[in-house]
Structure formats: C-alpha cells, structure tokens
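This is what each chain is made of:
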Amino acid sequence: EDQVTQSPEALRLQEGESSSLNCSYTVSGLRGLFWYRQDPGKGPEFLFTLYSAGEEKEKERLKATLTKKESFLHITAPKPEDSATYLCAVGEGSNYKLTFGKGTLLTVNP
Amino acid sequence: GAVVSQHPSRVICKSGTSVKIECRSLDFQATTMFWYRQFPKQSLMLMATSNEGSKATYEQGVEKDKFLINHASLTLSTLTVTSAHPEDSSFYICSASPRGTLDTQYFGPGTRLTVL
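These protein sequences, in sequence, are chains A and B. Take 1 as the starting number for the first sequence in the working numbering and just add one per residue. Take 1001 as the starting number for the second sequence in the working numbering and just add one per residue.
Derived by calculation from the structure, the hints in this document are not laboratory data. Keep in mind that a hint or two might mislead.
Unchecked claim - Quick list of simulated restraints, FRET-style, between CB atoms:
1) B:Lys1020 - A:Ser28: 18 to 26 Å
2) A:Ser19 - B:Gln1029: 17 to 25 Å
3) A:Ser52 - B:Gly1053: 32 to 40 Å
4) B:Asp1027 - A:Arg12: 13 to 21 Å
Claimed, not checked - Listed next, the in silico EDC-like pairs over lysine to aspartate or glutamate satisfying Cα-Cα at most 20 Å (straight line):
5) A:Lys102 - A:Asp82
6) A:Lys42 - B:Asp1088
7) A:Lys68 - A:Glu92
8) B:Lys1041 - A:Glu45
9) A:Lys63 - A:Glu15
10) A:Lys97 - B:Asp1103
11) B:Lys1041 - B:Asp1088
12) A:Lys57 - B:Asp1065
13) A:Lys59 - A:Glu15
14) B:Lys1041 - A:Asp82
15) B:Lys1064 - B:Asp1088
16) A:Lys102 - B:Glu1052
17) A:Lys68 - A:Glu55
18) B:Lys1055 - B:Asp1065
19) A:Lys102 - A:Glu55
20) A:Lys59 - A:Glu45
21) B:Lys1064 - B:Asp1027
22) B:Lys1041 - A:Glu17
23) A:Lys63 - A:Asp82
24) A:Lys42 - B:Glu1022
25) B:Lys1066 - B:Asp1103
26) A:Lys69 - A:Asp82
27) A:Lys79 - A:Asp39
28) B:Lys1020 - B:Asp1103
29) A:Lys102 - A:Glu92
30) A:Lys57 - A:Glu45
31) A:Lys63 - A:Glu81
32) A:Lys97 - B:Glu1087
33) A:Lys97 - B:Glu1059
34) A:Lys79 - A:Glu55
35) A:Lys42 - A:Glu92
36) B:Lys1041 - B:Asp1027
37) B:Lys1041 - A:Glu9
38) A:Lys97 - A:Glu45
39) A:Lys97 - B:Glu1063
40) B:Lys1020 - B:Asp1088
Every residue gets a Cβ at the ideal spot worked out from N, C-alpha and C, and that includes glycine.
Only chain A is shown next, with the shape it has when bound in the complex (with noise of 0.2 Å):
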C-alpha cells in the first residue's frame, strides 16, 4: 500500500478557476509534509513545508493545509503559468528521507 497518494493524478482548469490537490498519507509520526512544484524536464521546486495539524502556508495563489491524514495545496485563481505537476512528499520519524506521491499534473489553459 502507497504510503502516500495524491489525487486527481491529472487537473484541468482553466484560468481564475480556483481549486485544490489533495494528499493523503498513511505514515506514523510526521516529520513533515513538503509541496513541490515540478516542470517538465526539471526538478522539483520546493514550495512548502508543514509539520503538524492545523498548520497553513500560503505563497502567491498557493496555499497549503494540513491535518492528520491528508493535506491539500489549493489554488487560487490559477494561471497559465502554474501549469506543472505537484509533488507530495512525507518525512516519518527521524528518518531523513522523502517518500513521494505520484503527484498530480495541472494544466491551466488561458
């Protein structure tokens, strides 16, 4: 079973169409949840990090949520331009390393 699962896997909007990408995780003992941004033939571009129930980070038309199942990334009146795949990833523990969802990609057309 997937530690962590982001849905939808593909999301069209089109643009000002506000809307939110969800993560769900099953890990005991959170380090952390990151967001990140991720362009075709690129790596990924860190956007946020949460680390515990309740907390939320905005950034421009971003904003990110957490409790303790699932976090979602909600997009505010998106455009063109924000168009790209978004990563989840968990830390557990005093483990240092990543688990990443498949992540989920948006298309904002004009």
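Please build the complex by placing chain B on the supplied structure of chain A, with the hints as guidance.
Below, chain B alone, put in the same frame as chain A:
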C-alpha cells in the same frame, strides 16, 4: 538561497561506458545529499543517501557497484554510472539539505542520461 546545480544537464553515451554526474550546493553547505531517479511519468525514487566523508547508503535494489557515489566536500557529491546500459537511461536528480538539518531538501535541475 538554497540553490543546487547539476552538471551535465544531459548526456548521451554508448553502452558499456561510464558517466559521472556532479551535484553542487551553491550557497549552502550540505552534510547530506540525496540521489533520485525518475522514469517518465513516474515519481522520484530515492537511490542513495550521500554523507560527506563517509560511504553512501543505498536503497534496496540499487547496485552500489554500478552507481558509485562520492561526497568529497560539503558542497559536492558525484554519481558515477558505471558500465551503463540502455536500461539505465533515466532522469537523475540530486537534492541537498542544508548543514545541521535534514529537513527540507532542495533539488537540482536534473540530468537526462541516454544510453545508446
């Protein structure tokens, strides 16, 4: 801040040859660096963890004699793919955590390896 570079960005080699990929943290020192592999439309899979001045720790199923990792300084780790075969063709990405923390990992731009 927290910039990681990789070189080369893409490489094409013949089967049986070895290829070295460099990963550098440009504006911070990294005690620990990580090497990932990513196949098309797949997520990142950790290959190994590289610690400065000590041997790398490899994930299950990753051949340590095939993927040689050296972390000679606090800003440089190298991955050498030895005797490369077409099935080694992939996107290799490194990441680094700033010294004193194993929290957020910052990723390099990746290296596209094609083995003919």
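How the hints compare with the structure:
1. Between B:Lys1020 and A:Ser28 the beta carbon distance is about 39 Å. The supplied range of 18 to 26 Å is therefore violated.
2. Judged by the Cβ atoms, the range 17 to 25 Å given for A:Ser19 and B:Gln1029 is violated: they are separated by roughly 39 Å.
3. Between A:Ser52 and B:Gly1053 the beta carbons are some 34 Å apart, a value that agrees with the proposed interval 32 to 40 Å.
4. Take B:Asp1027 and A:Arg12: their Cβ atoms lie about 37 Å apart, and the range 13 to 21 Å is violated.
5. Between the alpha carbons of A:Lys102 and A:Asp82 the distance comes to roughly 18 Å, so the proposed pair stays at or under 20 Å and holds.
6. Our distance criterion of 20 Å between C-alpha atoms is met by A:Lys42 and B:Asp1088, whose separation comes to about 19 Å.
7. Among the hinted pairs, A:Lys68 with A:Glu92 is consistent with the structure: their alpha-carbon atoms are about 13 Å apart, no more than 20 Å.
8. Simply put, B:Lys1041 and A:Glu45 have alpha-carbon atoms about 17 Å apart, close enough for the 20 Å limit, and the pair holds.
9. Of the supplied pair hints, the one linking A:Lys63 and A:Glu15 holds, its CA atoms being roughly 17 Å apart against a limit of 20 Å.
10. Between A:Lys97 and B:Asp1103, the direct Cα distance comes to roughly 10 Å. Compliance with the 20 Å bound is thereby established for this hinted pair.
11. A threshold of 20 Å between alpha carbons decides the hint, and for B:Lys1041 with B:Asp1088 the separation of about 16 Å falls inside it, so the pair holds.
12. A hinted pair counts as satisfied when its Cα atoms are at most 20 Å apart, and A:Lys57 with B:Asp1065 does not qualify at roughly 42 Å.
13. Of the supplied pair hints, the one linking A:Lys59 and A:Glu15 holds, its CA atoms being roughly 18 Å apart against a limit of 20 Å.
14. A distance of roughly 18 Å separates the Cα atoms of B:Lys1041 and A:Asp82; the hinted pair therefore holds under the 20 Å criterion.
15. A threshold of 20 Å between alpha carbons decides the hint, and for B:Lys1064 with B:Asp1088 the separation of about 14 Å falls inside it, so the pair holds.
16. Restraint check: the Cα-Cα separation between A:Lys102 and B:Glu1052 comes to about 30 Å, which exceeds 20 Å; the hinted pair is violated.
17. For the proposed pair A:Lys68 and A:Glu55, the alpha carbon gap of about 11 Å is at most 20 Å, so the pair holds.
18. For a cut-off of 20 Å, the pair hint linking B:Lys1055 to B:Asp1065 stands: about 12 Å separates their Cα positions.
19. Distance hint between A:Lys102 and A:Glu55 is unfulfilled; the C-alpha atoms sit about 23 Å from each other, more than 20 Å.
20. The hinted pair formed by A:Lys59 and A:Glu45 meets the criterion: a straight-line CA distance of about 13 Å does not exceed 20 Å.
21. Straight-line distance between C-alpha atoms of B:Lys1064 and B:Asp1027 comes to about 29 Å, which puts the hinted pair past the 20 Å bound.
22. A threshold of 20 Å between alpha carbons decides the hint, and for B:Lys1041 with A:Glu17 the separation of about 25 Å lies outside it, so the pair is violated.
23. At most 20 Å may separate the alpha-carbon atoms for a hinted pair to count; A:Lys63 and A:Asp82 meet this at roughly 13 Å.
24. Taken as a hint, the A:Lys42 and B:Glu1022 pair is honoured in the structure, with Cα atoms around 16 Å apart against an allowance of 20 Å.
25. For the suggested pair B:Lys1066 and B:Asp1103, the alpha carbons sit about 29 Å apart, so the restraint of at most 20 Å is broken.
26. With a C-alpha separation of about 26 Å, the suggested pair A:Lys69 and A:Asp82 falls outside the 20 Å cut-off, and the hint is violated.
27. Of the supplied pair hints, the one linking A:Lys79 and A:Asp39 holds, its CA atoms being roughly 15 Å apart against a limit of 20 Å.
28. With a C-alpha separation of about 27 Å, the suggested pairing of B:Lys1020 with B:Asp1103 is violated against the 20 Å cut-off.
29. Under the criterion of a C-alpha separation no larger than 20 Å, the hint pairing A:Lys102 with A:Glu92 is consistent with the structure, at around 18 Å.
30. Restraint check for A:Lys57 and A:Glu45: the C-alpha separation of about 16 Å stays at or below 20 Å, so the hint holds.
31. Between A:Lys63 and A:Glu81 the CA atoms are separated by roughly 16 Å; this keeps the pair inside 20 Å, and the hint holds.
32. The hinted pair formed by A:Lys97 and B:Glu1087 fails the criterion: a straight-line CA distance of about 25 Å is larger than 20 Å.
33. Between A:Lys97 and B:Glu1059 the alpha-carbon distance is near 10 Å, which keeps this suggested pair within the 20 Å criterion.
34. Distance hint between A:Lys79 and A:Glu55 is unfulfilled; the C-alpha atoms sit about 25 Å from each other, more than 20 Å.
35. For the suggested pair A:Lys42 and A:Glu92, the alpha carbons sit about 26 Å apart, so the restraint of at most 20 Å is broken.
36. Pair hint B:Lys1041 plus B:Asp1027 does not hold up; C-alpha atoms about 31 Å apart against a cutoff of 20 Å.
37. A C-alpha spacing of about 11 Å is found between B:Lys1041 and A:Glu9, which places the hinted pair at or below 20 Å, so the restraint holds.
38. A threshold of 20 Å between alpha carbons decides the hint, and for A:Lys97 with A:Glu45 the separation of about 17 Å falls inside it, so the pair holds.
39. The hinted pair formed by A:Lys97 and B:Glu1063 meets the criterion: a straight-line CA distance of about 18 Å does not exceed 20 Å.
40. Our distance criterion of 20 Å between C-alpha atoms is met by B:Lys1020 and B:Asp1088, whose separation comes to about 13 Å.
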